[in-house]
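Enquirer: Protein chains in written order, with our numbering: chain A, 1 to 111; chain B, 1001 to 1112.
Bear in mind the hints are in silico, worked out from the structure with no lab data behind them.
Small disclaimer: the values here were computed from a predicted structure and weren't measured.
For every residue, glycine included, the Cβ atom is placed at its ideal position computed from N, Cα and C.
One or more hints might be untrue.
Stated by the list, open to error - From the structure, some residues in chain A lie toward chain B, with a derived Cβ separation under 7 Å: (1) 43; (2) 44; (3) 46; (4) 49; (5) 98; (6) 101; (7) 102; (8) 103.
Claimed, not checked - The list that follows gives simulated cross-link-like pairs (lysine-lysine, BS3-like), each with its CA atoms no further than 30 Å apart: (9) 98(A) x 1053(B); (10) 98(A) x 1057(B); (11) 98(A) x 1070(B); (12) 1011(B) x 1070(B); (13) 1057(B) x 1070(B); (14) 1053(B) x 1070(B); (15) 1057(B) x 3(A); (16) 1011(B) x 98(A); (17) 69(A) x 3(A).
What the hints assert, rightly or not - Distance ranges between label pairs, derived from CB positions: (18) 1084(B) x 80(A): 28 to 38 Å; (19) 106(A) x 1053(B): 34 to 44 Å; (20) 1079(B) x 66(A): 46 to 56 Å; (21) 19(A) x 1016(B): 43 to 53 Å; (22) 40(A) x 1065(B): 29 to 39 Å; (23) 103(A) x 1108(B): 16 to 26 Å.
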Amino acid sequence: DAKTTQPNSMESNEEEPVHLPCNHSTISGTDYIHWYRQLPSQGPEYVIHGLTSNVNNRMASLAIAEDRKSSTLILHRATLRDAAVYYCILRENFGNEKLTFGTGTRLTIIP
Amino acid sequence: DAGITQSPRHKVTETGTPVTLRCHQTENHRYMYWYRQDPGHGLRLIHYSYGVKDTDKGEVSDGYSVSRSKTEDFLLTLESATSSQTSVYFCAIGGTGFYEQYFGPGTRLTVT
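With the rest of the complex left out, here is chain A (with noise of 0.2 Å):
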C-alpha cells in the first residue's frame, strides 16, 4: 500500500481554520484520498475522501494537489469536539476495501 506522511501534533485556536496536511508521494492513480478520525475513546469515523477534484461536505474540505501528491484537509472552523487524531489514508479503487492507517496528526484545539 501506498504510504502517507503527516505531522504528528498540531494546534489550533478555537473557531478558526485548521489545515491539517498530508504527503503522499507514490500514490497511484487508482488510490483515492480518504480521512478519518479518532475522537478520543472512541472508534474512528469518516471524514471526507476524494480521487483529484477538490471536495467539500458538512464536516471538512479536502484539497488535492494537482499532481496528487499531496494533499490537505481543511476545518472550516475548529471547535473543541474537533480536537481528535486525524488519519490521511489511501485506498485502491479496485476490489481493495482494505484501509491501511498510520499513526496520523494529533489535533489539539485551544479555547
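We have chain A already, so just place chain B on it with the hints.
Expert: Just chain B now, kept in the frame of chain A:
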C-alpha cells in the same frame, strides 16, 4: 450512527485462555473488519470478511482466527491469549460501493 455493536466492551483474561470477541451489525453490509489499536501504531488490520464464510488475513493475523456464519455477525477468536494481544479491538463494516467504513465502539482486552 451505523448499527454496529461490539461485545464485550471490556474483558480481562489470563494468558493461555481462549477469548472470543463479537461484532454485530444491523446494516447488512458485505464487508466486516477487525482491527487492533496499540499506542504508537494506529490501527492495524487483523482479518476481514467479504461475505458469509469468506474471510482473509490482514496485516497482523498471527494468533487470531475469525468466523462469519451470517451476514450480521463477525467473530474474532484468540485461541490462546498472550500478553502481546492486550489491545483495543475495533470492528468496522463497509462494502463495495460504500466508500466509508463505520467503526464500532471498541473492546478493551487485557491479558494478564
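Enquirer: The structure should be examined with respect to each hint, and the outcome stated for every one.
Expert: Hint-by-hint comparison with the structure:
1. Residue-level restraint check for residue 43(A) holds (minimum Cβ-Cβ distance to chain B is 3 Å; threshold 7 Å).
2. Checking residue 44(A) against chain B: minimum C-beta separation of about 5 Å stays under 7 Å; hint holds.
3. Because the smallest distance between the Cβ of residue 46(A) and any Cβ of chain B comes to about 4 Å, under 7 Å, the interface hint for this residue holds.
4. Annotation: residue 49(A) was flagged as interfacial toward chain B, and the flag holds, the nearest CB pair being 5 Å apart, inside 7 Å.
5. Of the supplied interface hints, the one on residue 98(A) holds, with its beta-carbon coming within about 6 Å of a beta-carbon of chain B, less than 7 Å.
6. Given the 7 Å rule on beta carbons, the hint for residue 101(A) holds: about 4 Å separates it from the nearest Cβ of chain B.
7. The closest approach between the C-beta of residue 102(A) and any C-beta of chain B is roughly 5 Å, which is under the 7 Å cut-off, so the hint is satisfied.
8. Nearest Cβ of chain B to the Cβ of residue 103(A): about 5 Å, under the 7 Å cut. The hint holds.
9. A hinted pair counts as satisfied when its Cα atoms are at most 30 Å apart, and residue 98(A) with residue 1053(B) qualifies at roughly 18 Å.
10. With a C-alpha separation of about 11 Å, the suggested pairing of residue 98(A) with residue 1057(B) holds against the 30 Å cut-off.
11. A hinted pair counts as satisfied when its Cα atoms are at most 30 Å apart, and residue 98(A) with residue 1070(B) qualifies at roughly 21 Å.
12. The suggested pairing of residue 1011(B) with residue 1070(B) holds, with an alpha-carbon distance near 24 Å, which does not exceed 30 Å.
13. Proposed proximity of residue 1057(B) and residue 1070(B) is supported: the alpha carbons are some 19 Å apart, at most 30 Å.
14. Under the criterion of a C-alpha separation no larger than 30 Å, the hint pairing residue 1053(B) with residue 1070(B) is consistent with the structure, at around 8 Å.
15. Among the hinted pairs, residue 1057(B) with residue 3(A) is consistent with the structure: their alpha-carbon atoms are about 20 Å apart, no more than 30 Å.
16. The straight-line distance between the Cα atoms of residue 1011(B) and residue 98(A) is roughly 27 Å, inside the 30 Å bound, and the hint therefore holds.
17. A C-alpha spacing of about 11 Å is found between residue 69(A) and residue 3(A), which places the hinted pair at or below 30 Å, so the restraint holds.
18. Hint check: residue 1084(B) to residue 80(A), Cβ distance near 36 Å, so the stated range 28 to 38 Å holds.
19. For residue 106(A) and residue 1053(B), the Cβ-Cβ distance of about 39 Å falls inside the hinted range of 34 to 44 Å, so the restraint holds.
20. Look at residue 1079(B) against residue 66(A): about 50 Å separates their beta carbons, and that is inside 46 to 56 Å.
21. Roughly 49 Å separates the CB atoms of residue 19(A) and residue 1016(B), a value that falls within the hinted 43 to 53 Å.
22. At roughly 31 Å, the beta carbons of residue 40(A) and residue 1065(B) sit within the given window of 29 to 39 Å.
23. For residue 103(A) and residue 1108(B), the Cβ-Cβ distance of about 20 Å falls inside the hinted range of 16 to 26 Å, so the restraint holds.
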